[in-house]
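> So you can see what is in the structure, the chains are spelled out below.
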Amino acid sequence: MKQLKTRQICFFFIAFMPITKFFMVPSILAGQAHEDMWICSVVNLLLDLFTLTALTVVCKRENTDFITLLKNKLGEKGAKVVLFIYAIYFFTKAFLPLQEQKEFVKLSLYINMPTDLFFLPFFLASFYLCLKPMRVFGRVSDVLWFFTLSGYLILIALSFNNVDWTSLLPVGARGVKNVLKGSYLTANWWGDCVYLMFFIGNFAHGKKASLKIILCYLLSGVIVLFAMIFFWGTFTSIAFQQKFAMTQLSKYTTVINNTGRFDYLGILLILFSCVFGLALPLYFCSSLLQEVFPLKKRWIIPLVVNVLILVLMTALNRFMATVTLVIQNYLSLFFIIMANLLPLFTLLLKNKEKTNENLQT
Amino acid sequence: MQLKINLDENVKVIKQSLKSDDVNFNQIKIGDSDGVVIFAKDLVDKQSIGDLIIRPASLFKGKVCKDSLEQLFFYPEKQKVTTIKDCINQVVSGNALLISDGVDFAISFDIKFFQMRAIAEPPTSTVIKGPREGFVETLPVNVSLIRRRIKSPHLIMENTEIGRFSKTMVTLCYIDNVADKKLVEKVRKKLQEINIDAILDSSYVAKFLGDKTPTLFKQVGNTEKPDILVAKILEGRVAILVDGSPIALTVPYLLIEDFQSPSDYYNSPYSATIARWIRMISVFLALVLPALFVSAELFHLQLIPISFLLTIVNSIKGIPLSPSYEMFFTFLIFEILNEASVRMPRYVGMVVSIVGGLVLGETAVNAGIISPPTLMIIALSGICLYTVPELEQPLSFLRLFFLVIAGSVGIYGLIVAVSGMLIYLVSKESFSAPLLAPFTPLVKKDLKDSFYKGFLTEQNSRPQSLQNANRRRMDEN
Numbered sequence: 001m002k003q004l005k006t007r008q009i010c011f012f013f014i015a016f017m018p019i020t021k022f023f024m025v026p027s028i029l030a031g032q033a034h035e036d037m038w039i040c041s042v043v044n045l046l047l048d049l050f051t052l053t054a055l056t057v058v059c060k061r062e063n064t065d066f067i068t069l070l071k072n073k074l075g076e077k078g079a080k081v082v083l084f085i086y087a088i089y090f091f092t093k094a095f096l097p098l099q100e101q102k103e104f105v106k107l108s109l110y111i112n113m114p115t116d117l118f119f120l121p122f123f124l125a126s127f128y129l130c131l132k133p134m135r136v137f138g139r140v141s142d143v144l145w146f147f148t149l150s151g152y153l154i155l156i157a158l159s160f161n162n163v164d165w166t167s168l169l170p171v172g173a174r175g176v177k178n179v180l181k182g183s184y185l186t187a188n189w190w191g192d193c194v195y196l197m198f199f200i201g202n203f204a205h206g207k208k209a210s211l212k213i214i215l216c217y218l219l220s221g222v223i224v225l226f227a228m229i230f231f232w233g234t235f236t237s238i239a240f241q242q243k244f245a246m247t248q249l250s251k252y253t254t255v256i257n258n259t260g261r262f263d264y265l266g267i268l269l270i271l272f273s274c275v276f277g278l279a280l281p282l283y284f285c286s287s288l289l290q291e292v293f294p295l296k297k298r299w300i301i302p303l304v305v306n307v308l309i310l311v312l313m314t315a316l317n318r319f320m321a322t323v324t325l326v327i328q329n330y331l332s333l334f335f336i337i338m339a340n341l342l343p344l345f346t347l348l349l350k351n352k353e354k355t356n357e358n359l360q361t
Numbered sequence: 362m363q364l365k366i367n368l369d370e371n372v373k374v375i376k377q378s379l380k381s382d383d384v385n386f387n388q389i390k391i392g393d394s395d396g397v398v399i400f401a402k403d404l405v406d407k408q409s410i411g412d413l414i415i416r417p418a419s420l421f422k423g424k425v426c427k428d429s430l431e432q433l434f435f436y437p438e439k440q441k442v443t444t445i446k447d448c449i450n451q452v453v454s455g456n457a458l459l460i461s462d463g464v465d466f467a468i469s470f471d472i473k474f475f476q477m478r479a480i481a482e483p484p485t486s487t488v489i490k491g492p493r494e495g496f497v498e499t500l501p502v503n504v505s506l507i508r509r510r511i512k513s514p515h516l517i518m519e520n521t522e523i524g525r526f527s528k529t530m531v532t533l534c535y536i537d538n539v540a541d542k543k544l545v546e547k548v549r550k551k552l553q554e555i556n557i558d559a560i561l562d563s564s565y566v567a568k569f570l571g572d573k574t575p576t577l578f579k580q581v582g583n584t585e586k587p588d589i590l591v592a593k594i595l596e597g598r599v600a601i602l603v604d605g606s607p608i609a610l611t612v613p614y615l616l617i618e619d620f621q622s623p624s625d626y627y628n629s630p631y632s633a634t635i636a637r638w639i640r641m642i643s644v645f646l647a648l649v650l651p652a653l654f655v656s657a658e659l660f661h662l663q664l665i666p667i668s669f670l671l672t673i674v675n676s677i678k679g680i681p682l683s684p685s686y687e688m689f690f691t692f693l694i695f696e697i698l699n700e701a702s703v704r705m706p707r708y709v710g711m712v713v714s715i716v717g718g719l720v721l722g723e724t725a726v727n728a729g730i731i732s733p734p735t736l737m738i739i740a741l742s743g744i745c746l747y748t749v750p751e752l753e754q755p756l757s758f759l760r761l762f763f764l765v766i767a768g769s770v771g772i773y774g775l776i777v778a779v780s781g782m783l784i785y786l787v788s789k790e791s792f793s794a795p796l797l798a799p800f801t802p803l804v805k806k807d808l809k810d811s812f813y814k815g816f817l818t819e820q821n822s823r824p825q826s827l828q829n830a831n832r833r834r835m836d837e838n
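Those sequence lines, one after another, are chains A and B.
When you line the first sequence up against my numbering, it's residues 1 to 361, in that order.
When you line the second sequence up against my numbering, it's residues 362 to 838, in that order.
Quick caveat, the hints were computed from the structure, so don't treat them as lab data.
Honestly, I wouldn't trust all of these hints.
Unchecked claim - Taking lysine-lysine and the DSSO-like style, the derived pairs with C-alpha atoms no more than 27 Å apart in a straight line are:
#1 B:805 / A:60
#2 A:296 / B:573
#3 B:805 / A:208
#4 A:132 / B:547
#5 A:208 / B:806
If we strip away everything but chain B, and leave its shape as in the complex, we get (with noise of 0.2 Å):
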């Protein structure tokens, strides 16, 4: 519905879809005419109401006509708004609404203003050394982040509204001549195709740039910090930024970027090289140290060195569990006890690593219901789950399935088991990026940012697992 000359009219139209106490409708006067300010008291900047609006309606001499009402404002975020659906998103979304009597349009001011966190170093990737800043979750600081490193036209960001009551900004993030256009094009249509009330976070954006079956395995990247998203976008990835979220998300993902830690890019190589190893093996022995442990003492002693076999002897004697059963309910513990330092706040949380790890884990190995070994395992198999936080969840739940696995069937499940794990990560992609790229296919010149980490001289292209437009990234010379 387009907005009339009367402003009564339009203003009775708005005030039946703005019901909510906190909209506000300020009569004013702009020369002659009479004008309406409509904004959401809590979202906008009263005082540059007064000085970007009221003031100079205020100095204004005459009646209000289209010209004199566009040239009288000077603030660069103004915009002319022509119908009442648009007056509504406008204050809805926290802008200033001028309507005046004796024209067909309002203007818009965007003067947001609300409380935010400040930027600071984000928890889920702390580094020694490298930048420390973080996301918030106000997306005109995160632009603001990435646009402070890339000082780029080919820099493109492309904002969108997603979600029918939440109406929040999602912004589309990629360098034009780096990233492919086909990528563009269907990351741009898939975000066109959300359909919901509300987004909350970029997780939900997340849920729907994946596929639509249910997956293990996360197929959208995320990251908090805008120096690593910059280094993906860099790489011809795309980023999507969600007002309101922290957490900005990238696609394709490929599963080596979790093996990636901001700190292996400020590092020297041979270190990052071996941490990255570490992490590697960390995850494997995570995944299957239970499970052979389990299967070796039921089904395959002979895998066991005698002199290991006589200490698992001594220590499961009398335990009344199956080392499956034995195994199955340390994991239960381990699991509860992290969840429960997750949940609790901070200081009960040291309270509850203390009594969990230590008291509970040696009263229950002293009393004879656990054992010594398998207490070890289950922990080191758990701390070994957190070299790679990111694929914490999915790691959790393999380790269960392959724990019962093993302890059903032995060895030979647990072999089946991580073949159908390996069948299943093979065939999956992200955008047509297959998920073990750079390993399988096998991209030979991606291995250096992946089984190694190389000299960053000697990174002159771009990763070739993923598509982009241009794949140098030093010049020739």
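The following block holds chain A by itself, in its conformation from the complex (with noise of 0.2 Å):
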């Protein structure tokens, strides 16, 4: 039975590929290709794209779900080392967003008592999120696009007025060495054209749906780009030291100084989306794990791996800035290669029979 349906896997790129990229991720990219930041996020996404591209080929051809094509071609055993490889990927995929989510929470959102425990209850509603079928995200995504989408046009349009323009100029005079390594850097948050990997043979391909999934895909990297450009042109040759963008963009807008921080309806919007968002990969963690280890008690796998990301967490909570940077030299090139390289494999996989399905959402 088909879970979701070509709309929703729109939505689902709208509503969650460009929430994480902004908390951290500018002030990384600032500090290392200045004003030619966005061109960094360019990169990004056209290897994004090129993955997704290919991915939407197997969608249009493929009735039959990703892990179904798996064990067809590589058997039982074969499939099941790619999906924990895969388990892998997403649970340290996780580690970072979440861990900056959890600086966020506890430093930008919070003005007394800062404390961890602020961050705890993210870990009940993921636990929750891991235990429902895969058609949850394609209804959460229906509502959950339109939050992502205002709290980034709320953001944007609060701090068009502080943008100096010509702080963008000239493009590219960086150069391309700092261009990719800014974007080498940040390959973690990038490669959410995966998911689509996962929803083969789980929707619907309706008419055009190809199209309208990469241009869903455009879209949400725009609304990143936009995000980076106006972050840069706002705070310029200190952008680097803006933590948590979200908070930073639109603080000096004047309304804010008689309505209060009025910014905070569009981060608390996309915050909401957040918490799905960073469930994500969790959710994905656990499903494939629960694949390669089929268990009777389908919370087990979901509870461990909330509780082991928690403790990680907590465990390495002192030597973040380490962990980051050994996760960002170390481990981007995984993320690409797990991320924008092997899912082209997809397309050598082909179903041995075609099946009929009813369609439903």
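Take the two lone chains and join them into the complex the hints point to.
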């Protein structure tokens, strides 16, 4: 039975693709590529779009889900090895965004009593979400795309007056090396195209579905690019010091003086989508581990995954700067291979028999 | 056990089962044969017993045989009964039973008569414009209210008895070429599976129709108004009427149904749309306003404009309780007043409202126990809750839950809690219809009777959020 619709896949990317990229990524990129920081994101986006296009071809061709395709090609054991590696990928992919979200919640959202406890409820929601079928993501995407889009629009609109457009020039002044380095260092936050691989055969591939999906991904990418441009335009040379770009972007807006931090409305909308977006890799990690180690009690693996990442985050809390550097410098290649290179091999996977299934969401 | 030809034997066996004093065994003569009329004296129309049973029996000449007994009575609502068990069931259901010597069957006459409430406007859904009739506790009356509105042979009423002791008549009602056959079968099966001693209200049936696991939100719709019920049946839903209950049930249930007021359909679509948006905003405010205020006051002062912040600071000066405790206690007082005003007789309820709302509130503020903003927020949140009275119970619970979360871990906890609620709601279904449809999964065509109220002439198809056998409401031309 198909669990999703093309519309939900489109909304999925609009809702979840931009959300994790506006906490630490802008300051990392500003430090690396200065006014060309947005070009780094263009490189990441193009890479993702390339992989996404390849995946849409498979989506159109195949009516069977990715795991079955993999089993047909590599056999049961081979498939389990690949799925296990992807489970590890999703686990590591979740780590940095979760850590920065925790820091954001602790330091930016609360003006008194900053404590890690404030972030704990997230893991309850994440565990609960991991127990639900994939169609839940389709259904929440139907709602959340609006929140993400509105949140970003509010932040961008509020910061519009503060942008120094001339600071973006000259374009490409920092050189190709810095731009590529910036792209490489932030690869962990990109690569959301990989989710489409796990939606293969799980959604009704309607008319012009491929085009719609690619355009929606592009739209999400453009939103991120705009936010990056506005961020640099607002802070220019001190942009690399502005951790948690989301709260910084619109803080100089004059309206805020009279109405309180009105921009928090946009931030809260994005944070709402963030709960789902951050749980997404943990969800896929749990689902894939469930495939590899099929347990009758389906709650065990989601519980283990969520507790494990919480324990790791707590244990590595003091060494977070080192961990971030290690992940950025040594694991980025792994992220690019898993998100952009390996999915291309799905073009080689073909189902042996075609099946007719009813469409339902 | 089958009835026998011997009258005395039959009566003896029935008397063993029907020992109650309100059951009458009246001996009569049917020509040359003996007969007995058995009935529960408070449930039947005694005049009808005389006119429909005793008078024709006394006029009969000769010995009773199978054919003559059946042809003797002209009453259309008579029924042949052949077993002792059925005879007993007929009597306790309020029918009169005639058993004659020389035949191995009895005849039951549906001549029920008891006091019933007049048809009136239901207090839970009053309208300014539109029909004011409401269901009553009597099933035949309710059926007639529906039948009067749908004069079609496709309107099907299926009766079934539920309850080992109560033997409550439950009617399944649908339009056979509109309702999905699988849905009807599913509801029918669920009704047949109900195994309980008594059904005292339709809410008993609703519990069996929904999921077996406890759910926060209801899974079965309900209404007290026949016009609303008919509209739902016409959309492809299946209705369940229960004898003794003025509330009819409908399945599948969508959450949006509770935001659709009867008056929306009789007023201008513009005002109905605005009213619907107000209801949605009100529910949002009712749920999160107290929690947002507490979390802003405790953890996120930057969210509050400076001038308002100064007002709050002045008002909470000297309040002995922390913001979350203060809000919690005000909430508790509101709920106590609410509970008292619902339970008390009306004339006392008025006094409670005045004492509670005005005297208690104002005194508490003057005494410096609670602050005016807190009182105002709880009052506003409480009023907002009643814009959608059907959701009052789950929303009250959620309001308290969100308040506790926000008071403990602030706004991020609140966001996670709302996310949890969203996950819960999107994964819930009522008879295969997603609870949050048509918003998620998004059904664009159905938005015209959910997010906004379109013109009736535009609503040419039945809701696609539901499975229905016939999608079109209006002909193409």
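> Look at each hint and say if it fits the structure.
Hint check results:
1. Note on residue 805 of chain B and residue 60 of chain A: the hinted pairing holds, with a Cα-Cα distance of about 24 Å set against a maximum of 27 Å.
2. Distance restraint check for residue 296 of chain A and residue 573 of chain B: the Cα-Cα separation of roughly 21 Å lies within the 27 Å cut-off, and the hinted pair is therefore satisfied.
3. Among the hinted pairs, residue 805 of chain B with residue 208 of chain A is consistent with the structure: their alpha-carbon atoms are about 19 Å apart, no more than 27 Å.
4. Between residue 132 of chain A and residue 547 of chain B the CA atoms are separated by roughly 24 Å; this keeps the pair inside 27 Å, and the hint holds.
5. About 21 Å separates the Cα atoms of residue 208 of chain A and residue 806 of chain B, which keeps this hinted pair within 27 Å; it holds.
Figure legend: structure checked against the earlier numbered hints; every hint is met.
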